[in-house]
Amino acid sequence: MSARPPRRGTRLEAGSLSFTFDGRHYVGQPGDTAASALLANGVRLMGRSVKYRRPRGLLGAGPEEPNALFGVGEPPHQIPNVPATQLALRAGLTLRSQNRWPSLRFDLASLLQAGGGFFSAGFYYKTFMWPSWRSYEPLIRRLAGLGAAPLACELPPPAIEHLACDVLVTGAGPAGLAAARAAARAGASVVLCESEPACGGELEFERGSIDGQDCDAWLADTLAELGRRGARVLTSTTVVADNHGEIIAHAEPRGLPGDNTVYRICPRAMVMAAGTLERPIVFTNNDLPGVMLLGAAERYLARYGAAVGRELVLFANHDRVYASARRLLAGGMRVRAIVDTRRAGDAADDDAVRRLRSDLGAAGVEILDGCAVTAAEGGRGVRAARIAPLLGGGSERRIRCDTILVSGGWSPAPHAGLPGGGANGRLELADAIADGHAAGARAAADCGARGHAGAPPLARGDPPPRLAAFARSPCSLADEKRQFIDLQNDVTVADLRVALAEGFTDIEHVKRYTTLGIGTEQGRSSAVVGAAILAELRGESPAAVGTSRSRPPYQPVTMRSIAGFRVGDAVMVTRRTPLHDWHATHGGMLEPMGLWMRPRYYQANGASAFEAAVAEARRVRAHGGIADGSTLGKLEIAGPAAAAFLDSIYLGKASTIRIGRSRYMVNLREDGMVLDDGLVLRLGEDRFLATVSSGHGTHMLAHFEHHQATRWSARGVNITDVTDAWAVIAVAGPQSRSTLGQVLAASWQQPLAQLGHMHFAAGRHADQELRVLRAGFSGELAFELHCRPDMAVRLWEELTAAGLAPYGLDALDILRVEKGYLTSSEINGQTTPYDLCMEDMVAAGNACLGRALLDRPAFHEAGRPRLVGLRALDGRSRFLAGAQLTAAAAPSQPRGYITSSVYSLTLGEWVGLALLARELASGETALTARDPLRGADTPVRVASPVHFDPSGSRMKA
Amino acid sequence: VTRLACPFCGPRELREFEFRSTVAAAGSEGEFERTYLRVADTGLSIEHWQHVGGCRAWLLVRRNPSSGETLDVELLAGEAP
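So the protein sequences, as listed, match chains A and B. So the first sequence is numbered by the numbering used here: it starts at 985 and just counts up by one. So the second sequence is numbered by the numbering used here: it starts at -16 and just counts up by one.
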């Protein structure tokens, strides 16, 4: 590593920063971007293309850069796809090139290309068809994709700042500054976002004057005035997305992930003065490292003192190329030729340009009018340019060079808002600044600002560039495979031709079929050129073709920034039952269920989840047990019309429930599918408690409220969510009544003895409210204790002390499957009451929500599912939920599936529930449970869904 | 949309609201029509939203799905259109 003399540039400071790129050490200067530092170190190969793995170098100097995307940091924390042009250099930065394996200089997959394989548009869809896509997928996945996602993230959360303002101005170039000043003068509150670290934009390269001042003085005065008027000026802040009026701006110290701020801005009006992006011109092998945008070369020279090459050929279609050539010459680069697509007369029309041309000629620069660069030659970089006259006559030339700088004109940078300045196609300083001023004044007026925006600034600068549209150089059909339009996605002119030939003519279809303008690039370097070439191929004007819509974010943003603080435990709230801590400290294996955490089993009960659950369930059947049911959703429906309201939403009549009784009821969706089930308790004449499924509580509350708001024209109903107001302890098993008798006060003895199945009684325990409901989910003699949350732990511990051990959700599942009770596995949104054997409920029912659509003929066809019980034919084998059921006649046609399966120690075999085609539900056909993913096919037979105690004698004991 | 104007609470951020469904055009008769024949108009979407993070009111929102513009928010009360 030889010491280089320090570079001088407007962005650079003295000093040195060392960093690594692909493991090699380099030194840059403070103020450098990763791109400028590598360029100054003579590095030109910076990545490989995503599809063909062709070597790629820098194209641009700003957000338009399609090639030089780096992984920053070390795996597994490496952040992919950071544009080198947007990344501020800092000491110790570790950079890695992407899309290469095993190394950047030698990429194995690039041999694909050497073998002559250029994939055309739709290649993947068309080629990897036999025997199936799946056989190729692993290899393709290894090769495909931009960068690699980090496997871990240790970035700090971004700061998030919410801003509201009248006018948001995007871009602090001359037009944006004029717009911000006009809006602020008119009295609007202004936020000005500039993606570069400093304001000024193109003023950096202008030598004109504004309001009689030079550009630097005007810039300083304008920023001072904006400060005085309270405008917020945010530099290094890129507006990355417009979510229908909420603007997300993202501030990072030059694209450095971490330590960043996300601004969420709600402006009342926007001015978009994001300036322009330079267009490339497409020619054969225009993707070689060394082919760059002319404006980028000027920026690297002026800002970072970095030369893009030694021997240059310039290729343009406008007369600003001559002034550029002079500056590059002055910067020490040798300009061998300027290739101007226009004829000599066009270029020499203007006095200043004519003088420049003769000066350049005198300095040894060859000027080739009416010509185009038709091809770049070279391997890992440009070695020569081929140049041919555009209008016949004269022969092809070959000029040795290491860099070809292209400029095909300027297009507005795609952004949202009222366009102003260059973003509005105004390329001359005076014009742009006046346009920006007018846009700012108009935006302020739109917000109701009444002040006077003042006179527009009067500017004098370079004349507007004269330009003759030119998108690509002529070439043979075969060479179109090497005319690259979209460098990031390897889209060539040949691809566009294929897309058109196959009927994809619309620009949005072409984008999706060829991948033109996808990825982080989003058309910034390719959209307008691509549209122009598509127009040429379609024989239409570019305006008729249009450009595809670019997608946010405007610049790659880390998922960390998007997620903000919503990561880990903060993604969702966790709901805790009053017994949560008890479970956690007593070996309860807590698992999420919706937002709740519930114990699956208790560790002390077995070596595995399976063993523990089987033991817990057996203990409930043999003696008894307790479970935490506090997660049960509880809605209190009160008011004179409560009974009628419930009749209108439940299948069955709540109005016929007597006070002190409860009933199992279901409700339907509008389309007739069963939505939820639960017990409805009548607390009083006009007061009910509806219990709803644990995971469903909030949804069911919204459903009830929606029903009330849309179909319930009468008043007199109040719905209150009392889920958290009552803890629920389920007490089940033959000893449940006697144990409760020991635990509860003497006053409870008589109610307990008399309480009938599905009845409840209210009273007090230890001076607190207690409701005892005789019901359960296990088929045993069972009770539900509804108590105040403060009481729950005390009551729970009294019960455990009296000999009832807790059981978890898995045991609960065994108990309910043995009894054929339903959960969300059966009430899965695809089953009607008929499917679930609830004909009696429908027959006895009323015109409730969803009832009308139950009569649709399709709900009564032979192929509709029907709830059945399932046993293994041999009475031993295991079968699992999710397995498909088939009949012997058609072994590959699923006729149903297993919804639940458990091992029943009580019955000594696996039992299950299934949804089976109605015509097979009678059980005469032999069935197989097919489970290819878990490797077993089990012959099964249909049984009653109520596997255990079908008469219900135990629960009525 | 990023904000909805709740008739009770005023303009609030969208995250306070929950979308339920699009609804049939006014005048649709019969359960089947109301359930299945939803409006699919690029210029007008009629939707039910709830202000779950606020007053819990159910709202009828008319929106232009092409532009994202909210045309109208009113309280749902009684029979749905």
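Just so you know, these hints were derived from the structure itself, not from any lab. Don't take every hint at face value.
Here are the simulated distance ranges between beta carbons [to be verified]:
#: 1; chain 1: B; residue 1: E16; chain 2: A; residue 2: N1227; range: 29 to 37 Å
#: 2; chain 1: B; residue 1: R(-2); chain 2: A; residue 2: M1543; range: 14 to 22 Å
#: 3; chain 1: A; residue 1: G1409; chain 2: B; residue 2: R(-2); range: 33 to 41 Å
#: 4; chain 1: A; residue 1: P1624; chain 2: B; residue 2: R(-2); range: 33 to 41 Å
Cβ atoms here follow ideal geometry from the backbone N, Cα and C, with glycine treated the same way.
Structure-based check of all given hints:
1. A C-beta distance of roughly 34 Å is found between E16/B and N1227/A, which places it inside the suggested range of 29 to 37 Å.
2. Evaluation of the 14 to 22 Å hint for R(-2)/B and M1543/A yields a pass: the beta carbon distance comes to about 19 Å.
3. Separated by about 38 Å at the C-beta atoms, G1409/A and R(-2)/B satisfy the suggested range of 33 to 41 Å.
4. Between P1624/A and R(-2)/B the beta carbons are some 36 Å apart, a value that agrees with the proposed interval 33 to 41 Å.
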